[in-house]
Amino acid sequence: MSNENSVMTKEAVKAPETKAPKAPRKGHRLGGSRVGHNILIAILCVIWLIPIVWLVCMSFSAGDGMYVASFFPKQWSVSHYVKLFQPDTVNQFPRWFLNTFKIAVFNCIIQTCFVLMVAYATSFGKFKARKPLMNVAVMLNLFPGVLTMIAVYFLLREFGLTNSHFGLLLVYSASSGLGYLICKGFFDTVPRALCEAARIDGCNEAKIFTRIVIPTSRPIIVYTIINAFLAPWMDFVFAKMILNAGISSQYTVAVGLYAMLEKSLINSYFTIFCCGGILVSIPIAILFFIMQKFYVEGVTAGSVKG
Amino acid sequence: MSKITSAIGGFFGAIGRYFADFGKAMAKGDIFVKLSLIWWGAGYIARKQYVKGIIMTLLEAGIILFSIFFAPQYVSKFGTLGTVQFEQVFDVNTMQMVPNDYDHSFLILLFSLFCFVVWTVTFFICISVVKNAYRLQLRAQSGGRINNFREDIADYFDKKFHVTLLSLPVLGIVIFTVIPILLLVFVAFTNYDQYHMPPAALFTWVGFDNFKSLFTSGGLTVSFSYAFGRILGWTLVWAFFATFTTYFGGILMSLLLNSKKTVVPKLWRLLLVITIAVPQFVSLLLVRYFFANNGIVNTICQNIGLTGLLRNWGLINTTYIPFLTAPIWAHVTIIIINIWIGVPYQMLVATGILMNLPSDQLESARIDGANKFQVFRYITMPYMFQVTAPTLVTDFVKNINNFNVIFLLTDGVYTTTNQMMANSQAKETDLLITWLFNLTQNYYNYKMAAVIGIVVFLICAVFTLIAFNFLISGDKEGVYN
Amino acid sequence: MKKLLVMLLCLTMALSLVACGDNGDGKESNPPAGSDGTNPPETQGAQNPPASGDTISLTMWGAEEDQTLLTELIADFKAAYPDQKFDIQLGVESEATAKDTILTDPQAAADVYAFASDQLPALADAGAILDLSTVEPALQSLAGKTIADIQAANTQAYNDLATYNGKYYAFPSVADGWFMFYDGNVLSEDDVKDWDTMVKACEAAGKKVGFTFCSGWYNACLFYGAGFNTTLNADGTTSCDFNGTSSKGVKGVDVVKYMQNLASSSAMMALPEGGTSAAFTGGECAVIFSGCWDSNAAQEAWGDNYAAAPLPSFTINGTSYAAAPVKSCKMVGVNPFSKQTGWATLLAEFITNQQSQVKRFEQRAAAPTNIEAAKDPAVAVNKGVAALNAQASTAIIQSVGGNYWSPTASFGEQIAQGTIGSDDAAIQTALDDMVTGVTAPVA
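Chains as they are written, first to last, in our numbering: chain Z, 1 to 306; chain U, 1 to 481; chain R, 1 to 443.
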């Protein structure tokens with residue numbers, strides 16, 4: 001039942017490339033409406049960027065504190081950025097950045113492998129437990145993660161893995177196989193004829209996976225990598241729970257920056273928090289810009305099948 | 001309905017067949033097959049699969065050792081969750097405390113569960129070992145070829161490749177998701193709270209008491225069921241708006257950007273994507289101060305006279321606009337902020353999907369004289385909807401459990417003026433999940449948190465079931481494979 | 001080929017994951033007596049009882065802003081016991097949130113930790129703080145102090161705060177009550193004697209009075225002043241009589257009316273919980289109710305003319321009452337699950353003794369709880385400390401359970417936002433509702 005539809009699947013995969021919006025932009029007759037249209041977009045973009053611009057403004061303002069009287073600071077300065085890179089007892093941003101980067105890279109590797117493995121097995125595998133397993137996965141995904149936090153914590157503690165980055169890495173990556181659905185959706189569109197041909201050529205499943213399916217799945221791999229890379233930068237709930245010895249140099253960026261907003265600190269550290277926020281965003285933004293095309297293709301192809 | 005019954009029927013049928021096979025193997029198998037039930041290696045070694053036999057024997061020995069030396073100390077106390085209270089005395093000579101051999105209820109629960117999981121797996125391994133032994137016996141009798149070890153290994157990269165692929169991820173999921181969830185379910189039936197907190201104190205089973213106190217008034221807090229109802233209501237409202245505003249917002253935004261009239265669409269898209277790049281905890285915490293009572297937005301509103309205007313209209317009675325500090329105001333602000341956060345992402349998704357929109361349909365519609373709205377209403381939306389219905393459902397569930405947005409925007413900012421809510425340590429802007437987090441983090445009410453967790457799960461499960469039955473007709477998987 | 005490499009890498013990672021799990025299992029199969037009380041990894045080296053020559057590993061938690069000070073105090077402590085080798089690790093945990101982190105897992109908490117006095121009942125109930133009498137022999141032999149000596153050295157009020165159910169649990173370190181900061185340029189000493197005159201003076205000057213309505217720590221001061229009372233019961237519930245008539249014959253409704261009247265003034269500014277420091281930098285306020293921790297902020301905002309005074313008095317039905325702020329302090333407790341309880345206690349004692357408190361005042365402007373330290377000339381002239389001392393007779397010890405905070409916070413917010421209504425019946429209902437929440441049974 002795997003290859004009679006291969007013709008149509010091929011189409012489905014090719015579709016993103018062939019129908020990319022490279023349609024010629026004809027000069028529009030209704031110039032006025034065109035101007036209005038672009039002004040509308042410009043306004044929307046401005047609205048969307050206001051908070052970000054404020055973030056930048058705050059990070060470059062000379063004063064402290066978060067309650068300021070004017071949108072743009074009266075005096076500009078880079079002093080907060082300088083402070084950000086002069087670690088004190090509260091702020092160890094460079095360390096946090098390295099910690100998070102380290103965790104993010106390893107999380108990327110493990111999570112991507114796990115997701116691809118599960119997705120391949122559920123998409124290409126033909127074993128009896130496949131459907132039941134997928135149903136169980138749907139069920140498990142319905143439980144909110146925050147709930148199980150305390151149990152995960154005690155598990156890790158019994159293995160002596162709290163207050164270690166490895167423990168945190170496990171929390172992020174160990175059950176990442178559950179997020180396989182979009183990837184599976186993508187794999188479902190990979191033409192089965194390709195695999196069949198490879199099988200006739202004497203390839204085993206492992207080779208089909210590594211030599212055929214993975215090379216044709218660049219968008220979804222990029223998508224998975226980006227998501228896996230981002231998780232450690234975003235999470236502070238689990239990180240705060242696992243890194244509970246209060247050793248500031250162990251923190252990830254999220255935990256560290258969040259701690260800056262503690263009531264007794266926020267007045268002197270809010271602007272430094274803003275600097276940290278921007279510096280974290282820059283690599284992520286660059287990653288997004290470079291990978292945008294794949295990201296869109298990945299999420300699209302995946303969600304088409306969901 | 002019939003689908004469900006047939007599914008259930010099929011399920012039990014499968015279970016029946018599973019055990020029938022096992023029974024047949026036990027009944028018709030030779031002595032080695034029967035012996036495999038006790039000694040897993042027997043069946044393999046009898047068919048000269050020595051390596052496999054040794055591996056299975058070692059595995060079995062490991063499990064037996066585990067069951068003798070590790071499991072009893074916890075499982076034997078599972079019924080009571082421990083009886084020996086923690087005590088310790090100070091030894092002046094060593095300057096250290098000497099504790100007694102006390103019971104730790106939580107660890108008893110945790111490791112008992114761990115043992116149960118191990119034994120369940122053992123049970124299934126055992127059955128499959130017997131079946132395998134029988135299969136080998138049949139093959140040997142019919143003169144079929146029996147794989148040697150190398151061929152077995154090769155099988156794990158070919159016919160059984162899915163086993164190789166799945167084993168590690170599934171192991172991870174079992175340890176880091178399944179066991180914690182089971183633990184949570186068990187905790188819902190105990191009295192694990194601030195006054196029964198291990199190691200200093202023990203907790204024990206209380207049956208359905210916690211569920212009763214959730215659904216009868218005056219159980220846990222004086223207004224628990226009231227607060228639960230209110231919070232559940234807002235959780236559903238929030239999930240609905242959060243899902244659909246960003247969904248339609250994303251589609252409209254992408255139509256707008258991908259229109260032929262747009263100049264430099266890539267630039268605009270980049271600008272919007274920047275908002276995704278800023279981590280949520282930064283952007284949300286920032287926005288929270290942006291909209292604070294004495295924050296910059298309020299200052300500006302005051303300066304341009306908007307605050308005074310709203311005051312004159314009777315919409316507010318404070319000297320500031322309570323964007324995040326009054327009910328309704330906060331609800332609306334939160335949804336709007338969520339649009340800000342969510343639309344760029346949905347825009348990316350929609351852009352990708354709309355690229356695949358069959359252009360012949362669009363053309364023929366245009367030839368038929370359909371206007372833009374009609375095209376959107378009768379062609380674009382149905383297509384989008386058909387493609388994204390499953391993600392819409394998962395998004396809704398995700399939003400029910402959207403911890404980040406609510407927690408980061410309201411924690412420590414919003415003080416409820418509803419006494420009934422306050423008496424339950426809740427506030428109007430709480431989702432079930434943030435309320436739960438508060439109950440566990442600030443009040444250590446783990447038992448009730450577990451109960452609410454189960455209820456959240458049930459709500460999500462019911463919703464998902466209904467949605468998948470109504471929205472998504474048929475299994476699309478077959479279309480592709 | 002590249003793909004293969006990636007796969008290999010992935011496999012290695014996976015293997016290490018499994019290997020780690022195995023390690024864990026191996027550790028688990030040890031008899032539980034030793035492994036049950038596992039501490040954070042840093043202290044795991046000290047499994048065996050140390051000979052006197054062994055290094056003593058300790059962990060300590062203190063507030064972010066105290067880190068520099070604590071590092072110095074630790075050095076002093078090491079110097080005080082030159083014969084003993086120490087490995088003391090200092091971690092960050094704010095006193096305000098110490099309870100939350102500790103109670104999540106007391107066994108992973110630091111050996112010595114600082115916390116705010118209102119958290120003591122919860123910590124003691126959960127068995128996460130050591131009854132100091134158990135380690136008295138160690139204190140006596142090495143620091144030469146008995147519990148009675150320590151109690152004698154501290155102001156009685158703070159000893160009371162460190163005592164729960166008759167047991168002495170912690171070493172008081174910082175007197176932490178709140179009082180009134182005001183801008184000496186705007187208000188005179190007479191202006192701030194009474195709430196009404198103070199608010200009027202601020203109205204006239206176009207300045208604001210910053211008060212944290214939405215916290216039961218602040219907003220109960222008028223109730224307590226009028227003779228109302230709260231008590232913490234043995235079962236963890238709170239008794240509260242705010243909705244009745246006080247021992248001084250004042251009706252709760254009248255107190256609320258007075259507060260509503262205050263809140264309706266254009267000069268009153270309701271601060272968010274923990275928003276006092278920001279209010280100083282905001283520049284709108286001439287009066288802010290806060291504590292010594294804001295001394296530096298006040299100095300920066302108002303210059304040398306900043307002043308501190310006891311809470312003003314208020315008048316209900318012609319009788320004047322002194323508002324009664326909550327007396328509280330920060331203290332240092334010892335973790336009962338510490339591997340080195342004796343030394344942990346000594347460290348806790350050391351960082352709260354007279355010299356350490358003086359040092360703490362010099363660096364952090366923190367008011368001492370130690371009687372001798374408070375007499376130190378430098379300390380005595382401090383405006384905040386003077387105000388605290390001046391209101392020592394009116395301040396009360398707030399004895400409440402966990403259910404007190406959320407309902408009273410909401411009640412204060414309702415007064416601030418003016419949502420209750422002004423007729424007696426409505427106020428009484430609101431009070432009753434609030435008291436129901438405060439006195440609710442603890443499930």
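Among the hints, a few may not be true.
Said to hold, decoys possible - Each computed PhoX-like pair below joins lysine-lysine, with the alpha-carbon atoms no more than 20 Å apart: (1) 207(Z) x 266(U); (2) 293(Z) x 266(U); (3) 128(Z) x 266(U).
Said to hold, decoys possible - Here are some chain U residues the structure puts well away from chain R; computed CB gaps all over 10 Å: (4) 13; (5) 54; (6) 89; (7) 149; (8) 178; (9) 197; (10) 234; (11) 274; (12) 314; (13) 317; (14) 355; (15) 386; (16) 442; (17) 443.
No lab work stands behind these hints, which were simulated from the structure alone. If you're wondering where the values come from, they're calculated on a predicted model, not measured in any experiment. All C-beta atoms in this analysis are idealised placements derived from N, C-alpha and C, irrespective of residue type, glycine included.
### Task
Identify every previously stated hint that the structure contradicts and give their numbers, smallest first.
Those not satisfied are hints 1, 3, 6, 9, 13, 16, 17.
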